[in-house]
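Chains as they are written, first to last, in the numbering used here: chain G, 18 to 620; chain X, 32 to 279.
These aren't lab readings, by the way, just hints derived from the structure by calculation.
One should not assume that every hint holds.
Unchecked claim - Pairs of lysine-lysine residues, derived as DSS-like cross-links and limited to a Cα-Cα distance of at most 25 Å, are as follows:
1) X/Lys143 to X/Lys174
2) G/Lys198 to X/Lys51
3) X/Lys149 to G/Lys378
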Amino acid sequence: MPQLEHIHYDVLVIGAGGAGLRAAIEASANGVTCGIVCKSLLGKAHTVMAEGGIAAAMANVDDRDNWKVHFADTMRGGQYLNNPRMAELHAQEAPECVRELEGWGALFDRTADGRILQRNFGGHKYPRLAHVGDRTGLEMIRTLQDAGIHRGVAVHMECAIFSLLKDGDRVVGAFGYEREKGRFLLFSAKAIVIATGGIGRAYSITSNSWEYTGDGQALAYDAGAELMDMEFVQFHPTGMVWPPSVRGILVTEGVRGEGGVLRNSLGKRFMFDDIPANYKASTADNEEEGWRYTQGDKEARRPPELLTRDHVARCIMREVRDGRGGPHGGVYLDISWIKERIANAQEHIKKKLPSMYHQFKQLADIDITSEPMEVGPTTHYVMGGVRVNGDTQMSNVPGLFAAGEVAAGLHGANRLGGNSLSDLLVFGRRAGRCAAEFAKEHGGGKINQADVDAAAARALAPFDRVGGAGPYQVQYQLQKDMQDLVGIVRRQDEMERALEVLKTLKERSAKVGVVGNREYNPGWHTALDLHNLMIVSEAVTLAAIDRKESRGAHFREDYPDKSAEFGKVNTVLKKGPNGEMQLRREPLPELKADLKQIIEEMK
Amino acid sequence: MPKATFRIWRSEGQGSGEFKDYSTEITEGMVVLDAVHQIQAESANDLAVRWNCKAGKCGSCSAEVNGMPKLMCMTRLNTLPLENPVLIEPMQAFPTIRDLVTDVSSNFEHKKRIKAFKPKKPEADGTWRMAQADVDRVQEFRKCIECFLCQDVCHVLRDHHLHDEFVGPRFLVHAAALEMHPLDTEDRTADLKKLHGIGYCNVTKCCTKVCPEGITITDNAIIPLKERVADEFYDPIKKLIQLVVRKR
Ligand SMILES: Cc1cc2nc3c(=O)[nH]c(=O)nc-3n(C[C@H](O)[C@H](O)[C@H](O)COP(=O)(O)OP(=O)(O)OC[C@H]3O[C@@H](n4cnc5c(N)ncnc54)[C@H](O)[C@@H]3O)c2cc1C
Ligand code: SF4
Ligand code: SF4
Ligand code: FES
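Could you build all of it, start to finish, from the sequences and the hints given here?
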């Protein structure tokens, strides 16, 4: 085949966000050769956009915090569908991972006595998020990126992988292309770590970038790996709603952590109206107490604005639906009111939330230090993904690992803010180490030339289909349908319609044609992404239809309550022998007695 | 809906190319990147452009809009005169790959050559103590989103093409962040002079003016580094700086 470059690494990492970079650094440190590929330039992955912080029970601000509290918070937030082993390891190892970043040059905001400062965030009992203003993700990715290039990790920027190659059961390679010239690339590897992030581009209103087309989930699924918990898609309560061109862009939870409040068009703090029973004891019942909490009063309970994201998002939906929303279909998020409480409020806000200040000033002509923002829910994160072993991060396909947003298990039915960045570090590190071990224990496999040829033919097919549907139009249609039919509030009939729509869209996407040549052609790229978007959209829909209850981020109007039966299972999806998507309910992993006790004690 | 015309550079690879006019509908709040995307979806499926965050956080969408180096995602159309076509070109200091996408790989090579962070020993408990005041200064530099707009306007790179001899403002900011890091113990002074070519910078401050993150590149990063270099080696520019500084 012409124009094929063949490259070998012991460990290949797909994705250069926090999880991929951390995995690559670790693999390299374990004495194997390691390469990393990413669709954008290095340092531009989604991780760069994270704002609020990294959750880790370092107890720098409140010494009552420890890993057990963090574990219990994560399980409660995930409505107990989490993989308890992952929640345990995550809570235990996060502090060490944050300190490791500091040792590589990250500069977090400091406490008065010079330690890493931690802030409040929804669902976390104590101030727990290590942060740098509201640009924590930038600090993290830059630190990892700079550490990686000085530690022998080979980087292939602007390359995309579109299929995995197997030798028997085991994964042994990956096939893709480099965007600049459109040349094909063949990677052989003894172990592969997928760290490709999420699926937000399956929806029209999203905080996610063009990269989030569910590539990793689809690559793994096509290679025989199981997906889990795909019904749990997190809609962040506060995205921008106006002007239309910025709709969906995230407004960090940090705004509420710093004292920002939600109000409806009547000026009422509606979050006090509906506090779930299991959070009643830990939530303030008056505005005064809520304010004291945000200012670090350890005796005060959290304001209801800092309840879990699924709940806040639904309360906002309710206000808007019942006619108490703002002119653009959102509600008001106000941080400027704190001038009633503190001197220098304007400077304080700019210092604590600099990029939010700029974002609104430049994109919406709004000065958040003097007026409220209008906000509404936006598709943000997928809790589900590749089903992995909690200790090693390996999937059911030998040699295939997954870490970060693309993996399932840690967050259960709903992720707490800040638990993603820590997830990337803890499980990126584990995946890197275990992949290196796997590579050392196993020799190379054999790549089947016929598989390579087939993948290449599939990739080039859109060029032969001149006059077919445009790739962008199919993508927009998919996004709109998923938003309308499998969004925040779900119903059986709508989701069944979504399955029908997906079927026709699949047919349309098989006819998509592209213009131009192979060099840096975004149309071609979009056409290739459609396959992945279809798989993850179908997975979300099938899983959401099966789960006949409401739990965490999955809310069904026709089954508004939790069910004990569904509280015992995860939804697992796998590709069947005839290419059909098969679903099964998998009993939750066993909860060890000591962990059970922690949960009981902190209920 | 009103329409506006966008005159966009289209090219197949290096060198040759031409401006093409595209007309598209304008809605409230739109930024240049939205217009480019709309055109891409409607009438130029293969129009090459980089972007990720659409919120000024990733530094991917750098280009020149009406001749000004800008992040396209943060450039509102209502700040531009729409009676004339809006001119959109790739950054001129770098070779074009295609359309609005440039080859910025030299930047990643510079980064590799700057000596890595080397921390001092932690305290007995395995952690470090640092005062916020000492961190503030370096945090300014670490705001950099690597958009490379400063590299694009620096005449040493743009007009004199000295990419091999001079790392450029972005990497002087990077070096400053390392040199002024409260924990760092590495010495990069000799490298700055010999390897990174800090002497080429004649403090025109063009870089500072375009930085979307508002980093005071020249005053806060480059001049202090130049002073360090001058303390170790003789540097004719130092005299000039001292003059300038004294005048203020
Ligand atoms: C605006 C915003 C704010 C957030 N704030 C926070 C926060 O404060 N705290 C927190 O904990 N979490 C936050 N999150 C969530 C968190 O940022 C993400 O979940 C996390 O960064 C994902 O990291 P990752 O390493 O899994 O993937 P990413 O950082 O998204 O990296 C994915 C990588 O995979 C590559 N890739 C994808 N597909 C392919 C392919 N086919 N071939 C090759 N490469 C591929 C991409 O190019 C990219 O390099 C936020 C998210 C957003 C969008
Ligand atoms: S101040 Fe120096 S680095 Fe900045 S643009 Fe001028 S010459 Fe270039
Ligand atoms: S210093 Fe400023 S202009 Fe230069 S790359 Fe960084 S953010 Fe961009
Ligand atoms: S798209 Fe990220 S800075 Fe413009």
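To see whether the hints hold, each was checked on the structure:
1. X/Lys143 to X/Lys174: Roughly 19 Å separates the two Cα atoms, so the pair holds.
2. G/Lys198 to X/Lys51: 22 Å, holds
3. X/Lys149 to G/Lys378: Answer violated: X/Lys149 to G/Lys378 is near 38 Å, above 25 Å.
Consistency note: the structure conflicts with earlier hint 3 alone.
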